[in-house]
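First to last, the protein sequences are chains A and B. Going by our numbering, 56 is the number at position 12 of the first sequence; the sequence numbering is gapless. Going by our numbering, 1129 is the number at position 271 of the second sequence; the sequence numbering is gapless.
Think of the hints as simulated: they come from the structure by calculation, not from any bench. Please note: incorrect hints may appear among the correct ones.
What the hints assert, rightly or not - DEER-style ranges, computed between Cβ atoms: (1) A:D191 - B:Q1389: 30 to 38 angstroms; (2) A:R234 - B:D1390: 32 to 40 angstroms; (3) B:R1293 - A:K135: 27 to 35 angstroms; (4) B:H1251 - A:P188: 29 to 37 angstroms; (5) A:P134 - B:A1109: 54 to 62 angstroms; (6) B:Q1253 - A:K135: 28 to 36 angstroms; (7) B:E1514 - A:K81: 49 to 57 angstroms; (8) A:G145 - B:D1390: 21 to 29 angstroms.
Said to hold, decoys possible - Mimicking DSSO-like on lysine-lysine, the simulated pairs with C-alpha atoms at most 30 angstroms apart in a straight line are: (9) B:K1486 - B:K1379; (10) A:K170 - A:K211; (11) A:K135 - B:K1280; (12) B:K1168 - B:K1385; (13) B:K1257 - B:K1209; (14) A:K135 - A:K170; (15) B:K1209 - B:K1486; (16) B:K1385 - A:K52; (17) A:K197 - A:K211; (18) B:K1192 - B:K1168; (19) B:K1280 - B:K1192; (20) B:K1257 - B:K1486; (21) B:K1280 - A:K211; (22) B:K1248 - A:K52; (23) B:K1257 - B:K1385; (24) B:K1257 - A:K135; (25) B:K1168 - B:K1209; (26) B:K1280 - A:K81; (27) B:K1379 - A:K135; (28) B:K1257 - B:K1192; (29) A:K81 - B:K1304; (30) B:K1488 - B:K1209; (31) B:K1486 - A:K170; (32) B:K1248 - B:K1280; (33) A:K135 - A:K211; (34) B:K1486 - B:K1385; (35) B:K1304 - B:K1280.
The beta carbon of each residue, even a glycine, is placed where N, CA and C say it ideally should be.
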Amino acid sequence: MSQSGKRKADLKVIILGDYAVGKTSLICRYIDGTFRKQDSTVGAAFFFKPWGPYNIAVWDTAGDERYSGLSHFYCRSAGAAILAFDLNCPKTFESLWARFGSILDAANEDCLKVVVGTKSDEVDEKTRDVSSEEGRRLALELNPDLDEAYIEKAGAPYFETSALDNKNVTEMFEYIFQRCLPLSADQHRRYKGKTSTIDLLEQSSDGGGRKKCC
Amino acid sequence: MANIEIDGDKLVVVTEQAVHGGGNNIRSNGGAAQVVEGASNNIIDHNINLNESKFETSSSQSTDVDTPSLSSDSNNQSPCDAGLTSAQSLQVTEGGINCSDGLPGPKYKARVSLGIHIPQATAPPPNTPAMTPDVNITESKSRTSSSSSTTTSGPDSRPATPYTPDENSPCSSPRHDSAGDHSQPESPGSCSSSSYSHNLTFPENAMALSGMSPSAQPHREKRSARDQLCGVFSVDLGQMRSLRLFYNDTACTQGQIVIASRESQYKILHFHNGGLDKLAEIFDDWSLFAQETDEVGEGDKPYKQFLVVKPHLSDDQCHPEEHLYPVVCEDFWKLHMTEDGRIEDVFELRKAIFFGGVDPAIRHEVWPFLLHYFPFDSTFEDRESIRNDKYIHYQNIRKVRESQSPEAQEWFWRNIQCIVEKDVVRTDRSHPYFRGENNPNIVVLKNILLNYAVANPDMGYTQGMSDLLAPVLAATQQEVEAYWCFSGLMTRTIFVSSPKDCDMDRQLNFLRELLRVTLPKFHYHLKLLGQDALELLFCHRWILLCFKREFCEVEALQVWEACWARYQTDYFHLFVCVAIVAIYGDDVVEQRLPADEILLHFSSLAMHMNGRLVLRKARGLLHEFRKKPKIPCTLYGLCSQVNAGMWDSGHAPTVECITHPADEVCPYNSNPSSPVFGDE
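Pulled out of the complex, with its shape left as it was, chain A reads as follows:
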């Protein structure tokens, strides 16, 4: 209803993935700028994030949703989906196809699917089970509409993140926002101070080019 939707989100981003892969931690790192142990998510949770002149709603879901009616609710009209898996647990990667592929049918047709490996701080390169190539491949498969020029320029929708070390988290979210609601360079400058919750102690992550992880 327009009369009450005075602050309707311009973009709906959902995060999906197995239990305990770190979905809530990822969001909290981005929104709050902090890392802490999370309770298991039960029911729905969601956050607003301004992006330039836009409002973005980030929906957190339960990895182990008891009530299947909800999954479709989350996905309805989602403009982007973060498919999160634990880089140290291949099973959670397999789940992305198996569990969440079908759920995403309810999302927007052009829904951007971003594959995100979590807990990169715990990865031991020698023993890692899910390679960056595999993750990248899945990301490209899930987004057949992304043209090559864009991928060349902005990178594939695949990120390896660490909410603990604050690695690639902001980059990942901004990749999504910039893809779905592009801001001009001028807008970036104008809104930077307002939208960013970048930790001032960590000057490194501000501005500059987007660092790709793969």
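Given the coordinates of chain A, work out where chain B should sit on it, guided by the hints.
Same frame as chain A, now just chain B:
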């Protein structure tokens, strides 16, 4: 313009009024407030010596010490040294008033500040009365003029004197001038304290939010990186989405302030020892001039909101028998037990539990009955044999689990065990029973859940079960008993939803209808919003976790007991849902919040609602509902009882068939003889 800042363990509210008219005339400089973030805030009314009530409030605070995790970021308890008497002083310098009620002890005066200083906590022993902090309230029109202000003191107060540091006092490093000096955070360690462990805190760099306002600039520049590290928290209240005050005592002095940013982050400040009312007055002023600025053309800030929730229910909203039942304590419980151990007059007992709850000291005795482990009419002897049988039964389940085939074990590990293992280590870890590294009770928690999944393969394990089990285990403190109580909780009460969608659907259907009948305005708002809103997303967690994450543990368990008592309805939890909406939902309708914001609204209230108030309201709603001569068919069965007592008048209203979707059969006509679903 108003700012709120938290420096270490102190909250500083700085209000400055904008230049009006003359241009070169700074009309006023509002006031500034310093309040300690943490538990032991205490702003004392001038002229009133609160020496006695101080200890009363302190003891209520000690319950929080027992369950620090559940009272959110309030763990900064003050050292509890009852031997020290500190001063209570109040200094109001509004156009020159200084009041203090004098008690011996440290005293200081901070101009342009409303200040409360609390010594930084280390690890207070529970159940010790907390020290009452020193309190300063200073409001002044301008910093220069306040120097010439006159002082009015309360009858038994001593004149305000400039603060002299007292090394023996716990308040050894107060802030002399809150408005300007932010460079000396008192407690460098406090940012790592639990106040930041709650998931609704602002980021440490929240002052970025005030960047839009040039007048906030000076404050910002003064902040070094070290300030931030030490947990300085500062926001421009003018840029906030909402500021809400929740009183949780009837006198309206204690409670929480919840500040929500436009990014929907929340900061919650607790006032366990009073003083919130004083701060409210200051906020009220702020709220007024916030509206003034709105008129000047900042119409793009429609989110500002100043809400005060007072825990008041008029008598006609309450159940008529509301105050007749005290907590069920050991004596009362023993009264209901015959010599051979049978429980007599179960209905009366359940009614008492419904109204008064169970004394935590006898929960381990009472819960096994409420959770169907022991029948009420069992004798001591019967119970001994049940205990034996169930012990053997449990051991057998354990053996089954441990002797699974390798394939089955592999499956079990992948689908159950690894979820359970991830969940138990993050369940109620701040509860004393589960606290600390390598706590053996975590292993017990895990084993019970694994065994339950083996014995109930159709239920298995779903997230949230650990949340439900933890309090049961903490109450019984015994693995086998906890298992069977948990088992009763999961399978024999409809209060807990099983993972099946149809159970949740039924609950939500009832809830929607109950909302429609009892809170038509709220329901109408949801209806206008459409199907998404009618999904009642904001209630899902309430129902799935039985309000465990909505109220602090003490109150949540009282809600559980009121539900388990099954007095007059098996669906009391739905009345609790409606009560929450009734008390805290006005905003939703008034501001016409969209569906997702309704969820945000209620999740921001989690752990900050007044559980006792909600319970009272819920009991009142139940009474009201049962008085209705006519109910719609969609609510048929809500109050039909499986085992009503002989004194219960029963509930037999006229059932009216209303329109329900064509593909659905009328719940009444299809099944008029057995309205109660589920168990027994």
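Status of each hint after checking the structure:
1. Evaluation of the 30 to 38 angstroms hint for D191 of chain A and Q1389 of chain B yields a pass: the beta carbon distance comes to about 35 angstroms.
2. A hinted range of 32 to 40 angstroms holds for the C-beta pair R234 of chain A and D1390 of chain B, which are about 33 angstroms apart.
3. The hinted window of 27 to 35 angstroms between R1293 of chain B and K135 of chain A holds, with their beta carbons roughly 31 angstroms apart.
4. Checking the proposed 29 to 37 angstroms range against H1251 of chain B and P188 of chain A shows it is violated: the Cβ atoms sit about 55 angstroms from each other.
5. At about 58 angstroms, the CB distance of P134 of chain A to A1109 of chain B agrees with the hint of 54 to 62 angstroms.
6. Our hint of 28 to 36 angstroms for Q1253 of chain B and K135 of chain A holds, since their Cβ atoms are close to 31 angstroms apart.
7. Restraint check, E1514 of chain B to K81 of chain A: a C-beta distance of roughly 51 angstroms satisfies the suggested window 49 to 57 angstroms.
8. At roughly 23 angstroms, the beta-carbon separation of G145 of chain A and D1390 of chain B lies within the given 21 to 29 angstroms, and the hint holds.
9. Straight-line distance between C-alpha atoms of K1486 of chain B and K1379 of chain B comes to about 19 angstroms, which keeps the hinted pair within the 30 angstroms bound.
10. Proximity of K170 of chain A to K211 of chain A is assessed by CA-CA distance (about 20 angstroms); at most 30 angstroms being required, the pair is judged to hold.
11. Of the supplied pair hints, the one linking K135 of chain A and K1280 of chain B holds, its CA atoms being roughly 15 angstroms apart against a limit of 30 angstroms.
12. Of the pairs offered as hints, the one joining K1168 of chain B and K1385 of chain B holds, with about 28 angstroms between alpha carbons and a cut-off of 30 angstroms not exceeded.
13. The suggested pairing of K1257 of chain B with K1209 of chain B is violated, with an alpha-carbon distance near 40 angstroms, which exceeds 30 angstroms.
14. At roughly 18 angstroms between alpha-carbon atoms, K135 of chain A and K170 of chain A fall within 30 angstroms of each other, so this suggested pair holds.
15. Between K1209 of chain B and K1486 of chain B the alpha-carbon distance is near 21 angstroms, which keeps this suggested pair within the 30 angstroms criterion.
16. Among the hinted pairs, K1385 of chain B with K52 of chain A is consistent with the structure: their alpha-carbon atoms are about 17 angstroms apart, no more than 30 angstroms.
17. With a C-alpha separation of about 21 angstroms, the suggested pair K197 of chain A and K211 of chain A falls inside the 30 angstroms cut-off, and the hint holds.
18. Taking the CA atoms of K1192 of chain B and K1168 of chain B, the gap is about 37 angstroms. The hint is violated against a cut of 30 angstroms.
19. Between the alpha carbons of K1280 of chain B and K1192 of chain B the distance comes to roughly 41 angstroms, so the proposed pair goes past 30 angstroms and is violated.
20. This hinted pair does not check out: K1257 of chain B and K1486 of chain B have alpha carbons roughly 53 angstroms apart, beyond 30 angstroms.
21. Using a Cα cut-off of 30 angstroms, the hinted pair K1280 of chain B and K211 of chain A holds, with the two alpha carbons roughly 23 angstroms apart.
22. A C-alpha spacing of about 55 angstroms is found between K1248 of chain B and K52 of chain A, which places the hinted pair above 30 angstroms, so the restraint is violated.
23. Among the hinted pairs, K1257 of chain B with K1385 of chain B is inconsistent with the structure: their alpha-carbon atoms are about 53 angstroms apart, more than 30 angstroms.
24. For the given pair, K1257 of chain B sits about 28 angstroms from K135 of chain A by alpha-carbon distance, which is consistent with the 30 angstroms threshold.
25. In summary, the hint linking K1168 of chain B to K1209 of chain B is supported, as the alpha carbons are separated by about 28 angstroms, within the 30 angstroms threshold.
26. A distance of roughly 11 angstroms separates the Cα atoms of K1280 of chain B and K81 of chain A; the hinted pair therefore holds under the 30 angstroms criterion.
27. Restraint check for K1379 of chain B and K135 of chain A: the C-alpha separation of about 47 angstroms exceeds 30 angstroms, so the hint is violated.
28. Between K1257 of chain B and K1192 of chain B the alpha-carbon distance is near 37 angstroms, which puts this suggested pair outside the 30 angstroms criterion.
29. Annotation: proposed proximity of K81 of chain A to K1304 of chain B holds, straight-line Cα distance about 18 angstroms (limit 30 angstroms).
30. Distance check on the hinted pair: K1488 of chain B and K1209 of chain B sit about 25 angstroms apart at the alpha-carbon level, within 30 angstroms; holds.
31. With a C-alpha separation of about 70 angstroms, the suggested pairing of K1486 of chain B with K170 of chain A is violated against the 30 angstroms cut-off.
32. Distance check on the hinted pair: K1248 of chain B and K1280 of chain B sit about 28 angstroms apart at the alpha-carbon level, within 30 angstroms; holds.
33. For the given pair, K135 of chain A sits about 23 angstroms from K211 of chain A by alpha-carbon distance, which is consistent with the 30 angstroms threshold.
34. As the CA atoms of K1486 of chain B and K1385 of chain B are separated by approximately 24 angstroms, the hinted pair is consistent with the 30 angstroms bound.
35. For the proposed pair K1304 of chain B and K1280 of chain B, the alpha carbon gap of about 10 angstroms is at most 30 angstroms, so the pair holds.
Violated hints, in rising order: 4, 13, 18, 19, 20, 22, 23, 27, 28, 31; the structure is consistent with all others.
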